[in-house]
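Chain A is already provided as a structure; the job is to place chain B on it using the hints.
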Amino acid sequence: MKQPFENVVAQHGATVLRVCRVVLGPHDADDAWSETFLSAMRAYPDLPETANVEAWLVTIAHRKAIDVLRVAKRSPLPVDEVPEAPTGRDIPDPGDADLWALVKGLPSKQRQAVAYRYVAGLAYAEIAEILGGSVEAARRAAADGLKSLRKKYPGEIMKGASS
Amino acid sequence: MNDIRPGDDMAALLSTPVDADTLGRLHRRLEQAAERADLIDVAYTTIDSPVGKLLLAATPEGLVRVAYAREDHDRVLEALGRELSPRILRAPKRLDESAREIDEYFAKRRQVFDLRLDLSLSRGFRRLVQTHLPEIGYGQTRSYRDMAELVGNPKAVRAVGTACATNPLPIVVPCHRVLRTDGTLGGYIGGLEAKTMLLNLEAAA
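First to last, the sequence lines map onto chains A and B. Going by my numbering, the letters in the first sequence line up with residues 1 to 163, in that order. Going by my numbering, the letters in the second sequence line up with residues 1001 to 1205, in that order.
Derived by calculation from the structure, the hints in this document are not laboratory data. Worth double-checking, as some hints may not be accurate.
[To be verified] So the derived list for chain A, only partly shown, Cβ under 10 Å to chain B, looks like this: (1) M1; (2) L17; (3) R18; (4) Y118; (5) G145; (6) R150.
[Said to hold, decoys possible] Simulated coverage check for chain B against chain A, where a stretch passes if three residues somewhere in it have a Cβ under 8 Å from a Cβ of chain A: (7) 1010-1017; (8) 1028-1038; (9) 1073-1081.
Glycine residues also receive a C-beta, built at the ideal position from the N, C-alpha and C atoms.
With the rest of the complex left out, here is chain A:
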């Protein structure tokens, strides 16, 4: 049975926001989240009952993030007006600015694959469908992205991790 949409927001809202933060960075994540859930609400009645709701939401978030990135590319100069979006607030641990810079520096396929695999927990088959390309390519993008982050991000996390 299909859940009321409110339950979808309650169950997946936090995960979708985390995914958007990784793909877009903390500052643009709120806008992408809002666009994602608005689109999802529009399409929700047509979603098959057997669908994986989280994968569906991440697919929408992926497209919305691409839109945001496209707009950002088209207007490389920051506008005069400060956007009303609350930048700097409730953003992930500010001490991890280094990590965010590293994430931002990844090729976008890798960044997306890492987000969908390690933050959303999607299967590689689902990720391949979102990114286009083979399952193997999705697996490789996630692995390469992760490896690159591990190599460049020194810190306490390294102690239990690989060499």
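Quick look at chain B alone, frame taken from chain A:
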């Protein structure tokens, strides 16, 4: 974690905490955007009242459901999803007027509700009966038999009982004012305690 998978360390780092304030702010933004885009088929909220927590739900047509806590609000919302639309969002703004009038009713500052109602959850005879219930004035009562006569079907006493028991808009559509012919309470969707409370509230006015 005993079972460390590759990527767990990074997954933990990248899975940033999302606090309730952030989600609350984003939710309000979604409510506004969805309302502007006419996407909220059913908006709802819950309010506190002397008869417990009440769920209020409205379509763009009007108030469509008032539910007591004992009906289980989650199940009521699921039923609304099946019967009306799964595009259901907690969006209190659409219910502001209904909530205000219900507050006034319990504060004895209101005897008649002046709200747009959406009766689409009821059909046929039930709907007919429910349409006539507001004709029983504040502080008055009628028997199930009286109601059957009022809707022109004096033999349908039992069906009137069913219509009252399935009233989707209790309190606002006053099925609590219908009693058994012998004056005993009969049933009530909100429980007999709530029915007694409403009748006493109105009698004391």
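Taking the hints in turn, this is what the structure says about them:
Interface hint at M1 of chain A: satisfied, since its Cβ lies 7 Å from the closest Cβ of chain B, which is below the 10 Å cut-off. The closest approach between the C-beta of L17 of chain A and any C-beta of chain B is roughly 5 Å, which is under the 10 Å cut-off, so the hint is satisfied. Hint status for R18 of chain A: holds, given a least beta-carbon distance of 5 Å to chain B, under 10 Å. The criterion of a C-beta within 10 Å of any C-beta in chain B is met by Y118 of chain A, whose closest approach is roughly 4 Å, and the hint holds.
Taking 10 Å as the C-beta cut-off, the interface hint given for G145 of chain A holds, the closest approach to chain B being about 9 Å. Hint status for R150 of chain A: holds, given a least beta-carbon distance of 7 Å to chain B, under 10 Å. Counting residues of the stretch 1010-1017 of chain B whose CB lies closer than 8 Å to any CB of chain A gives 8, which reaches the minimum of 3, so the coverage claim holds. Judged by the Cβ-Cβ criterion of 8 Å, the stretch 1028-1038 of chain B is covered by chain A as claimed, because 5 of its residues qualify and three suffice.
Interface restraint, the stretch 1073-1081 of chain B with chain A: holds (4 residues with C-beta to C-beta distance below 8 Å; minimum three).
In terms of the numbered hints stated before, the structure departs from none.
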